[in-house]
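Colleague: Using my numbering, you'd call the opening residue of the sequence shown number 1197 and step up by one each time.
What the hints contain is simulated information worked out from the structure, not anything from laboratory work. None of these values were measured; they are calculated from a predicted model. Beta carbons are placed, not taken as given, at the ideal position from N, Cα and C, and that holds for glycine. Just so you know, not all the hints are guaranteed correct.
What the hints assert, rightly or not - With beta-carbon atoms standing in for the labels, derived distance ranges:
#: 1; residue 1: S1389; residue 2: Q1241; range: 25 to 35 Å
#: 2; residue 1: E1440; residue 2: T1360; range: 29 to 39 Å
#: 3; residue 1: V1215; residue 2: L1404; range: 17 to 27 Å
#: 4; residue 1: R1450; residue 2: V1215; range: 38 to 48 Å
#: 5; residue 1: L1368; residue 2: K1239; range: 19 to 29 Å
#: 6; residue 1: K1448; residue 2: S1271; range: 42 to 52 Å
#: 7; residue 1: R1445; residue 2: R1333; range: 21 to 31 Å
#: 8; residue 1: K1239; residue 2: K1448; range: 29 to 39 Å
#: 9; residue 1: I1421; residue 2: Y1388; range: 17 to 27 Å
#: 10; residue 1: T1414; residue 2: Y1216; range: 41 to 51 Å
#: 11; residue 1: K1452; residue 2: T1238; range: 25 to 35 Å
#: 12; residue 1: E1361; residue 2: S1271; range: 47 to 57 Å
#: 13; residue 1: Q1241; residue 2: R1333; range: 30 to 40 Å
#: 14; residue 1: L1427; residue 2: G1358; range: 13 to 23 Å
To be verified - Subject to a maximum C-alpha distance of 27 Å in a straight line, what follows is the list of computed DSSO-like cross-link-like pairs (lysine-lysine):
#: 15; residue 1: K1303; residue 2: K1239
#: 16; residue 1: K1444; residue 2: K1332
#: 17; residue 1: K1332; residue 2: K1239
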Amino acid sequence: MTVKKVKNTPQGSVKKRGVYLLPNVLTTFGLFAGFFAIILATKGQYADAAIAIFVAMLFDGLDGRVARLTNTQSSFGEQYDSMADMLSFCVAPALLVYFWQFSDLGKIGWLGAFVYTAAGALRLARFNTQIGVEDKRYFQGLPSPAAAALVAGMVWTKQSIGVTEYDQYLTLVSWIILVGAGVLMVSNIRYYSFKEINLKGRASFKLLLIATLIIIVTTLWPSAILFVFFLAYAVSGLIMTMVEVRKKRQMKKRAKNA
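Construct the entire structure; sequences and hints are all you get.
Modeller: Here is the structure:
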């Protein structure tokens, strides 16, 4: 009779089972908000659906920050967050605009919604493969939450304004913005990440006053201000790219003339 030797595994090498509760609960709240946005869109409550997407965006920003502050980051949390982002920032905005404007367009309508959804999925997959490698100062391509905020802000703003004489162009403009946001997500255009901003450090009193003023102004007409902000953010990457291309051309011309 042979007795097998059992290796004693060090106590520190045993993997702990289970998941961190707090950050994953916040991710679940964001997932629910994205799911609820789809439900609201199917019922024709488009403004409320757009607000739900912004709520999902809020929880998406909280879960990662809470995980870093409490030292509860995990690979499970990263993957779960990515799955929640897929629903909240890829599927929900596409379906929202589809039910809002595209349901009577036939193939052109659902193809536009699918292009945005597929682009968002590709954007998330690329981001996951670049974790720990990418330049933290910039995002490669428009981030999916920003793209979702652009689309949701458009819907929310139009619902707040009501009927106008330009509504005949609304479907075309909506299609261009939705597909354009999808293209920007999978592009190589760089966008500032704002990760270098130190919220823990001390700041001047004037900066606090400016932040307070921004909050007050935003509460007056949140839909339009959020839409304009994320539209400007989407355009900022294009402007930055054009400036960089122009600088490279000027450097090449100087090199040739030298």
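Colleague: Name the hints, by number, that the structure is in violation of.
Modeller: When the structure is compared with the hints, numbers 3, 4, 8, 10, 11, 17 turn out to be violated.
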